[in-house]
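A.B. asks: What follows is the residue order along each chain.
Number of protein chains: 2
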Amino acid sequence: MQVIDTIAAFRKALDGERAAGRTVGLVPTMGYLHDGHASLMRRAQAECDVVAATIFVNPLQFAANEDLSSYPRDLDGDTALAAAAGVTYILAPSVKEMYPSEVLTSIRVSTLTETLDGASRPGHFDGVATVVAKLFNIAGPCRAYFGEKDYQQLAVVRRMASDLSAPVEIIGCPTVREPDGLAMSSRNAYLTADERAAAPRLYQALQTGRRLIEDEGESDPAVVRNAMTGVVTTEPLFTLDYAEVVDAGDLTVPPVLAGELRLLIAAKIGRARLIDNIGATR
Amino acid sequence: MQVIDTIAAFRKALDGERAAGRTVGLVPTMGYLHDGHASLMRRAQAECDVVAATIFVNPLQFAANEDLSSYPRDLDGDTALAAAAGVTYILAPSVKEMYPSEVLTSIRVSTLTETLDGASRPGHFDGVATVVAKLFNIAGPCRAYFGEKDYQQLAVVRRMASDLSAPVEIIGCPTVREPDGLAMSSRNAYLTADERAAAPRLYQALQTGRRLIEDEGESDPAVVRNAMTGVVTTEPLFTLDYAEVVDAGDLTVPPVLAGELRLLIAAKIGRARLIDNIGATR
Numbered sequence: 001m002q003v004i005d006t007i008a009a010f011r012k013a014l015d016g017e018r019a020a021g022r023t024v025g026l027v028p029t030m031g032y033l034h035d036g037h038a039s040l041m042r043r044a045q046a047e048c049d050v051v052a053a054t055i056f057v058n059p060l061q062f063a064a065n066e067d068l069s070s071y072p073r074d075l076d077g078d079t080a081l082a083a084a085a086g087v088t089y090i091l092a093p094s095v096k097e098m099y100p101s102e103v104l105t106s107i108r109v110s111t112l113t114e115t116l117d118g119a120s121r122p123g124h125f126d127g128v129a130t131v132v133a134k135l136f137n138i139a140g141p142c143r144a145y146f147g148e149k150d151y152q153q154l155a156v157v158r159r160m161a162s163d164l165s166a167p168v169e170i171i172g173c174p175t176v177r178e179p180d181g182l183a184m185s186s187r188n189a190y191l192t193a194d195e196r197a198a199a200p201r202l203y204q205a206l207q208t209g210r211r212l213i214e215d216e217g218e219s220d221p222a223v224v225r226n227a228m229t230g231v232v233t234t235e236p237l238f239t240l241d242y243a244e245v246v247d248a249g250d251l252t253v254p255p256v257l258a259g260e261l262r263l264l265i266a267a268k269i270g271r272a273r274l275i276d277n278i279g280a281t282r
Numbered sequence: 283m284q285v286i287d288t289i290a291a292f293r294k295a296l297d298g299e300r301a302a303g304r305t306v307g308l309v310p311t312m313g314y315l316h317d318g319h320a321s322l323m324r325r326a327q328a329e330c331d332v333v334a335a336t337i338f339v340n341p342l343q344f345a346a347n348e349d350l351s352s353y354p355r356d357l358d359g360d361t362a363l364a365a366a367a368g369v370t371y372i373l374a375p376s377v378k379e380m381y382p383s384e385v386l387t388s389i390r391v392s393t394l395t396e397t398l399d400g401a402s403r404p405g406h407f408d409g410v411a412t413v414v415a416k417l418f419n420i421a422g423p424c425r426a427y428f429g430e431k432d433y434q435q436l437a438v439v440r441r442m443a444s445d446l447s448a449p450v451e452i453i454g455c456p457t458v459r460e461p462d463g464l465a466m467s468s469r470n471a472y473l474t475a476d477e478r479a480a481a482p483r484l485y486q487a488l489q490t491g492r493r494l495i496e497d498e499g500e501s502d503p504a505v506v507r508n509a510m511t512g513v514v515t516t517e518p519l520f521t522l523d524y525a526e527v528v529d530a531g532d533l534t535v536p537p538v539l540a541g542e543l544r545l546l547i548a549a550k551i552g553r554a555r556l557i558d559n560i561g562a563t564r
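Top line first, the protein sequences correspond to chains A and B.
When you line the first sequence up against this note's numbering, it's residues 1 to 282, in that order.
When you line the second sequence up against this note's numbering, it's residues 283 to 564, in that order.
FYI, nobody ran anything at the bench for these hints, they're computed from the structure.
Don't take each hint at face value.
What the hints assert, rightly or not - Covered stretches of chain A (in silico footprint by chain B; criterion: 3 or more residues with CB under 8 angstroms from a CB of chain B, positions within the stretch not fixed):
| no. | segment |
| --- | --- |
| 1 | 30-44 |
| 2 | 102-108 |
| 3 | 135-142 |
| 4 | 186-193 |
Said to hold, decoys possible - The following residues of chain A were derived to be distant from chain B, with all beta-carbon distances above 12 angstroms:
| no. | residue |
| --- | --- |
| 5 | Q2 |
| 6 | D15 |
| 7 | R18 |
| 8 | T113 |
| 9 | D180 |
| 10 | G230 |
| 11 | T239 |
| 12 | D250 |
Glycine residues also receive a C-beta, built at the ideal position from the N, C-alpha and C atoms.
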């Protein structure tokens, strides 16, 4: 495996692979890799001839009050995990390498970014869409892999790629969970022991919502929302940001729950802001 | 030459060319081609193995009060001109083909788009940047050719491509003029005989500005602006939009004129809004 820190060298390596007729799968990450990332890499390895990953904590997608400076990093651990998961090339560029001058260009995906995490984190998804489009231009993948853990991000990336006719297939992969149900996340590293013990409450709230819909036939989004909210807020360590049930495709709240739905939660606990989601069908 | 109306078929043709090791040059246009476009195509033919052109009157870059519906079209004439200028593939898609569903994604290049035509045509350059990024994704060119006639557009496209690491070299080509100095433009077709006779006044105004800077050493942008304004406004058929002298790189008005400069003018005459620009050095 090669760890590369310049765009030019990474592009040259992948140009060579493509020129030799090999397909490239891309796994964009912010590093501090865990088994969720490894599952994306293994999926890419199964579907593509060569797997490239990027490790870049992208300043564009952090607001001034967020955790850019404290975001966890471990390049040695990341390279070991990525190598074991089948990655051949890692691009781990500096901010200066990615953004040598002021970034004037921004990509916005309207509508999809105006609710949920988009409402809580203004500009976040502009930063995501912009860096992902740039990484697509740099890597030229035929497939790119994103976790469903960041469900709204996946929807934004899918729409950006479709609207802009990016020559890449976007693959969403299932969330990987700890044995107690907590969704794997680099930000779980922020949790104290007490917070870590309380954290699976988010997944429990999502399961409560799904049971209401699938087992009890609940069709009122407010009832589902309130039930999930109740499960989270009885844990005093949590400060709920949102608990919502939306159409799985366009992320709008339907007046009557029907078809493919997605339940999503975001909450703060200690230094961490955690998000999670699951699907439901009615 | 092949005229293709679907993205998939155009992409497949160019994928085949690239797979055979041939470089692709792209000339994006809105059609109603003239010798200015032909000069871009001939330059592309000289520098690339295969030349692809696109003909698409992009609704995203027209405001509601602009000339989208009346923009001149002549696909038969365009194909003849393009074939003679060395084009192998033309993509001439419908609006439905380019934008099958609502376009939620928009690319904005800040700062560069806030003055001159960007101020007069809000959202115009967002539409340009968005469609050009999409055309780059569709065609996968190694070089793309744009006229200096649309100088601010060229600056916006350059910055977009650079910020997003698009794997394409942006080539700016000199404006092609009629014998009396009028810059070639598809919108010249709107001009009546009287308006056409008056139209070279824009180029004369630009030359007046350049003479002030280069021959008389004028360093005050207001003096140059006023001189150009005077030349345009003495022709009553014109309604001046702007006459400005800016830094050729970042398009800002310098307090003291120095280095590589660009003089730009926009004015309405009859149904047409014409733009033109030239360089100057001090």
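A.B. asks: Determine for every hint whether it applies to the structure shown.
C.D. replies: Quick rundown of the hints versus the structure:
1. 30-44: violated (count 0)
2. 102-108: holds (count 6)
3. 135-142: holds (count 3)
4. 186-193: violated (count 0)
5. Q2: Nearest chain B Cβ is 19 angstroms from Q2(A), so the label holds.
6. D15: violated, 9 angstroms
7. R18: violated, 9 angstroms
8. T113: violated, 9 angstroms
9. D180: Its Cβ never comes within 12 angstroms of chain B, the nearest being 37 angstroms, so this holds.
10. G230: holds, 34 angstroms
11. T239: T239(A) is indeed farther than 12 angstroms from all Cβ atoms of chain B, at 31 angstroms.
12. D250: violated, 10 angstroms
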